[in-house]
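Heads up: the sequence lines are chains A and B, in that order. Quick note: this note's numbering has the first sequence finishing at residue 203, numbered continuously throughout. Quick note: this note's numbering has the second sequence finishing at residue 203, numbered continuously throughout.
Calculated directly from the structure, the hints in this document are not laboratory data. Be aware that one or more of the hints could be misleading.
Stated by the list, open to error - Computed far set for chain A versus chain B, every beta-carbon distance over 10 Å:
1) V4
2) T62
3) P104
4) A125
5) D153
6) Y180
Said to hold, decoys possible - In silico DSS-like pairs for lysine-lysine, Cα to Cα no more than 30 Å straight-line:
7) B:K36 / A:K133
8) B:K83 / A:K46
9) A:K83 / B:K46
10) A:K46 / A:K133
11) B:K133 / A:K132
12) A:K47 / B:K143
13) A:K132 / B:K113
14) A:K132 / B:K47
15) A:K132 / B:K46
16) A:K36 / A:K47
17) B:K202 / A:K133
18) B:K143 / A:K133
These numbers were taken from a predicted model, which means no experiment stands behind them. All C-beta atoms, glycine included, are put in the ideal place defined by N, C-alpha and C.
2 protein chains.
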Amino acid sequence: MLKVYDFTGSGNGYKVWLLLSQLGVPFERIERDILKGETRTQEFLKKNPNGRIPTLELADGTFLFESGAIVWYLAEGTEFAPKDRLARAQTLQWMFFEQYSHEPYIAVARFWKHFLDRLTPQQEANLPDIMKKGYAALDVMEKHLATRQFFVDDRYGLADIALYAYTHVADEGGFDLSDYPNLTAWLARVKAQPGHVAIDHKF
Amino acid sequence: MLKVYDFTGSGNGYKVWLLLSQLGVPFERIERDILKGETRTQEFLKKNPNGRIPTLELADGTFLFESGAIVWYLAEGTEFAPKDRLARAQTLQWMFFEQYSHEPYIAVARFWKHFLDRLTPQQEANLPDIMKKGYAALDVMEKHLATRQFFVDDRYGLADIALYAYTHVADEGGFDLSDYPNLTAWLARVKAQPGHVAIDHKF
């Protein structure tokens, strides 16, 4: 059986088991508490040398890391994977956008405010810039969704899963989505997909 | 003909035209000076709503952004693309690693030190953390290369192109690679590939 090393509340981990749930693929979820350094142990670094969740263990013991790579692997050949060359590239475009221009701001603000007891002075100093860049990412999404139901080919797929994970909990990072009607409507469409499970699902 | 919107010296842009050069595909390179805000104009935001280079324009006027998505599109069906499902996922694993755990530190330190006249106090305050995380990424690469010639399937491909772009100029960000023998040997192997062009190639 597939094993998913995860940390409760992680949007990156959520992408993996949201997809697995919608695929109907059974998996074992194994908690590793990043706040206690459980992904930086010698044992865990043998699974993922970068010391992060999510990490996927295949049935043969092969490990894969990076949420984007994991969901790409799992979705190949299914309805969630893009069908043609351009759609594959556009899907990756939004997945890389998420990891480079969205997650480092929206997920980081959420992590600081939702998971930490208090911020360091350096974090406090960086927070305005983090919020500004997070809103810039939301602006890009809002504009793209003005004429579309989903991110690529107007059908639900990997790009939506990747972007939904942290956008739908952006409020926990202090982001106000009330001026983002297209984004809010898209969040509702994603949530209404068959087999959807919530990020606070109890395993 | 393909058009590549680029900024001289960008490692992300370099990935695209290094691959195009090695594929022997003709392209037009169009400079957009990010230091002068030329990727944030209304005209450019119609090409890439995220306002960044590289941006690829296909012959039919379709735009693609994010270096990882662009090289994936260009490499499909060629010797530079991974051949099977696991290799595709492992290639994306290293490409996402590059954009999340490597580029934001190694490329950012280089940008600050190599392209800016002086750092802001906030940049100065963040620099030690940036350098530490950059070295952590180099450590992961060094370990992976201890038993391999290239990042995936022991053949040169997209993962190598993605990671080479900023690693080979890491010294311009103040990173010292003298304690990274595996990395240094891999850099030489990448540079020796047929059709290799340097990042300071004059167009």
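Q: Would you assess whether A:T62, listed as outside the interface, keeps its beta-carbon beyond 10 Å of every beta-carbon in chain B?
A: The claim breaks: A:T62 does not keep its Cβ more than 10 Å from every Cβ of chain B (closest is about 7 Å).
Q. Is the Cα-Cα distance between A:K83 and B:K46 30 Å or less?
A. With a Cα-Cα distance of about 25 Å, the restraint between A:K83 and B:K46 holds, given a limit of 30 Å.
**Q.** 30 Å limit on alpha-carbon distance, applied to hinted pair A:K132 and B:K46
**A.** The given pair, whose Cα atoms are some 21 Å apart, holds under the 30 Å limit.
Q. Does A:K132 pair with B:K113 here, judged by a C-alpha cut-off of 30 Å?
A. Holds: A:K132 and B:K113 sit about 24 Å apart, inside 30 Å.
Q.
Does A:A125 clear chain B by more than 10 Å, comparing its Cβ with all Cβ atoms of that chain?
A. Given that some Cβ of chain B is not farther than 10 Å from that of A:A125, nearest at about 6 Å, it is violated.
**Q.** Holds or violated: A:K132 to B:K47, with C-alpha atoms at most 30 Å apart
**A.** Between A:K132 and B:K47 the Cα gap is close to 22 Å, so the pair holds against 30 Å.
Q.
With the threshold set at 30 Å, check whether the alpha-carbon distance from B:K83 to A:K46 stays at or below it.
A. Status holds; Cα separation ~25 Å.
Q: Decide if the proposed pair is consistent with the structure: A:K47 and B:K143, CA atoms, cutoff 30 Å inclusive.
A: Answer holds: A:K47 to B:K143 is near 13 Å, not above 30 Å.
Q) Straight-line Cα separation of A:K46 and A:K133 no greater than 30 Å? A) Distance ~34 Å between A:K46 and A:K133 Cα, so the pair is violated.
Q) Under the criterion that the straight-line Cα-Cα distance not exceed 30 Å, is the pair B:K133, A:K132 satisfied? A) 23 Å, holds
Q: Verify that the Cβ of A:P104 lies farther than 10 Å from every Cβ atom of chain B, and report whether the claim holds or is violated.
A: The assertion about A:P104 is violated, with a minimum of 7 Å to chain B.
Q: Measuring Cβ to Cβ, find out whether A:Y180 lies farther than 10 Å from everything in chain B.
A: 15 Å, holds
Hint compliance for this structure: hints 2, 3, 4, 10, 17 and 18 are not met, and every other hint is.
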